[in-house]
Amino acid sequence: MSKSEDTESRTHDSSHDTKLMHIVAHTPRGKGILDCIQCGRCTSSCPMARQTSRYNPRRLMEMITIGLKEEVLSNTPWYCLSCFTCVDKCPQGADVGEVIFAIRNIAAREGHIPPGIKAQGGNIIDTGKISNPTKSILKQRQEMGLPEIEPSDTEELLKILRKTGFDKIIGHK
Amino acid sequence: MKDSKSVLVVGGGIAGIQASLDAADRGFKVYLVEKTPSIGGRMAQLDKTFPTMDCSICILAPKMAECYRHSNITLLTYSEVQDAKGSIGNFEVAVLKKARHVKEDKCVGCGICTEKCPVKVPNEFEMGLADRKAIYMPFPQAVPRLTTIDEENCLFFQKGTCRVCEKLCEAGAIDFDEKPEEIVLNVDAIILATGFDVFNPKAITAYGYGKYKNVITAMELERLICASGPTDGYILRPSDGKEPESVVFIQCVGSRDQRYNPYCSSICCKYAIKDAVLIREHHPEIDTYVFYIDLRAFGKGFQEFANRSKEEYGINYIRSNPGEIREDPITQDLTIWYEDTLTRTIKPLTVGLVVLCTASIPRPDNKKLSELIGVELDDLGFFRASHDIDHPVDLTVPGVYGCGFCLGPRVGDIPHSVMQAGAAVARMSEELAGMEEA
Ligand SMILES: Cc1cc2nc3c(=O)[nH]c(=O)nc-3n(C[C@H](O)[C@H](O)[C@H](O)COP(=O)(O)OP(=O)(O)OC[C@H]3O[C@@H](n4cnc5c(N)ncnc54)[C@H](O)[C@@H]3O)c2cc1C
Ligand code: SF4
Ligand code: SF4
Ligand code: SF4
Ligand code: SF4
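In order, the protein sequence lines correspond to chains A and B.
Per numbering that gives the first Met the number 0, the first sequence starts with residue 0, numbered consecutively.
Per numbering that gives the first Met the number 0, the second sequence starts with residue 0, numbered consecutively.
Rather than coming from a laboratory, the hints here were simulated on the basis of the structure.
It should be emphasised that the depicted structure is a prediction, and the values quoted were computed from it without experimental measurement.
Each hint should be verified, as a subset may be incorrect.
Said to hold, decoys possible - Far from chain A, by Cβ distances over 12 angstroms, these chain B residues were calculated:
| id | residue |
| --- | --- |
| 1 | Pro229 |
| 2 | Pro237 |
| 3 | Pro347 |
As the list claims (entries may be wrong) - In silico contact screen, one side only, chain B against chain A (beta carbon under 10 angstroms); selected entries:
| id | residue |
| --- | --- |
| 4 | Leu167 |
| 5 | Ala205 |
| 6 | Ser254 |
| 7 | Asp293 |
| 8 | Ile329 |
| 9 | Gln331 |
| 10 | Trp336 |
| 11 | Tyr337 |
Glycine included, every Cβ here is placed at the ideal spot set by N, Cα and C.
One chain only, chain A, in its complex shape (with noise of 0.2 angstroms):
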């Protein structure tokens, strides 16, 4: 077959973290990755694939077995939608939307979270909503007649959202 482009990314030099399958086989949700054969048929049928080819879960696993522990624990992981398209068509059951909340933990834990998602926390914890409507959406809704937007009653999840320490993973204040 046609040789790889990325021959010089599979030789393992130290950029090449050989734990991290491992880790990640060990980390909740994340054993599905000892059994990707790399067949493709996750990225072929990912919704969020078809968008952008920065976004591609083979790849992702891929890189995860040869270890490239920085891209893994980039901004790639974020992308996905977790609609499981990829858990219904894997053949080998190797769980790639699941593999993708594995290695989401792992980045929480080692402080990789990107800017625009701790945002979205954020808003979570101040308005129990992942984004809020911007002014001219609420000028345009009062123009249509729309009622007004209530605020969310967020007391249970705060003290939910508190005890998981998820306002300190985030960096909330």
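Given the structure of chain A, go ahead and fit chain B with the ligands onto it with the hints provided.
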């Protein structure tokens, strides 16, 4: 070897045929039991065969005829094993000969009955791509060369009317009163050669088999590409009878898939290469793509064949397992979304015909035979060898042997089925001779 030794062979595909011929040539009295009206099995349905690209039926037909003629072989077609007891050197087997309603000694195979029979049903041999009649010869080279009435579809058996075939048959071969017959055989040994079934890809709904007319299986393609098949060897789409501009093969459909069959079926990469080459030979203008996970072209000369298929025949190989197929409802063309895993590009490809290379799976017959004879099945439903390394063709009851695909996807091709047939006969002779000395 005394000429009184006898063996029952179950299954008349290439493996069972070869085992029968080898045993008969060694002086065994052979009873070859085949459940369908003719011997031949899957090999009879194939067009050309890898690795030599010989015409399949041209190699098989002389062997089938030899089985019919050989003085040591009794063919029991349209028959099934009903009961079995005893042990090595002394098995007692009951075989049910179903009623064909056509007398073997009278039918001359002229086919007038078939021509005039008013009932049409899907033709199994042609994988449903053509029809046959209620009285039929399964395929032109069938052995034995006579017709069979299929009671389930015949107007006489269902409604008491018609009898057209009886009126027209000049040989007087039609016999509506024939009853099934039970035959009891005493044999020294048993060889099982029940072969394989083809996985039904309807289960994988994203590929649309059964819904999209232009998604077919490789077994169906074998008939389409065969000069004596329903399209005289032209590649024509089921939806509109037109030649497609491009054809895609998808590998590992239902194989290497934990939800269906976890194993590699061992033959589909090789037959896909073969069929892709045949398409280009018949129609050089058709673009041909093979979507594979790993191209398992193992065995003598196969990697070279795969390379030639690229270089000389221009077959496009894409390392990807596509996620879904969508049909354009107007053109009935098919769009496949895939990631080329070598270049990491994600894109759609629109083609006229898709061929699914489906898994080879155990026949349900294995279960019944295992219960009757006492031999074990493996976890997949194929016959278990008594020892996979030491005794790969001995089954778990002494005096019972296996050959061909019913042993599972070891190397499930024709040359290996033939080798295993020879091995099974050799092991049988050895063990029976050992008993005599003891
Ligand atoms: C699409 C396709 C293309 C292929 N192309 C090639 C190729 O080019 N070259 C190659 O080497 N191989 C090829 N193969 C593989 C080849 O078909 C097999 O190797 C071969 O058919 C195996 O022979 P067999 O006798 O074991 O099984 P089968 O051919 O399946 O024969 C088994 C026989 O047993 C009979 N039977 C089953 N159960 C019973 C029962 N209970 N009682 C009585 N009879 C029974 C069946 O009716 C059948 O006649 C191809 C396979 C496929 C699917
Ligand atoms: S995760 Fe599953 S579908 Fe994706 S490449 Fe690996 S084996 Fe294939
Ligand atoms: S769960 Fe994530 S990786 Fe899987 S298909 Fe959906 S978006 Fe793609
Ligand atoms: S009697 Fe049955 S088999 Fe004979 S011609 Fe009529 S339908 Fe066909
Ligand atoms: S032989 Fe090829 S197509 Fe068939 S299961 Fe094995 S790898 Fe897949």
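Comparing the hints with the structure gives:
A cut-off of 12 angstroms between C-beta atoms confirms that Pro229/B is not in contact with chain A; the least separation is 32 angstroms. For Pro237/B, the condition that its CB be more than 12 angstroms from all CB atoms of chain A holds, with the nearest at approximately 25 angstroms. Chain A draws Pro347/B into its interface by the beta-carbon criterion, the shortest separation being 9 angstroms against a cut-off of 12 angstroms. Among the interface hints, the one on Leu167/B is violated; its C-beta lies about 53 angstroms from the nearest C-beta in chain A, farther than the 10 angstroms criterion.
For Ala205/B, the suggested interface contact is upheld, since its CB lies about 7 angstroms from the closest CB of chain A, less than 10 angstroms. The closest approach between the C-beta of Ser254/B and any C-beta of chain A is roughly 9 angstroms, which is under the 10 angstroms cut-off, so the hint is satisfied. Given hint, Asp293/B at the interface with chain A, holds; its Cβ is 8 angstroms from that chain's nearest Cβ, closer than 10 angstroms. With 10 angstroms as the threshold, the beta carbon of Ile329/B stays out of range of chain A, its nearest partner Cβ sitting at about 23 angstroms, so the hint is violated.
Interface restraint check: Gln331/B against chain A, minimum CB-CB distance 22 angstroms, threshold 10 angstroms, status violated. With its C-beta approaching chain A no nearer than about 5 angstroms, Trp336/B sits inside the 10 angstroms limit, and its interface hint holds. About 5 angstroms separates the beta-carbon of Tyr337/B from the nearest beta-carbon of chain A, less than 10 angstroms, and the hint is met.
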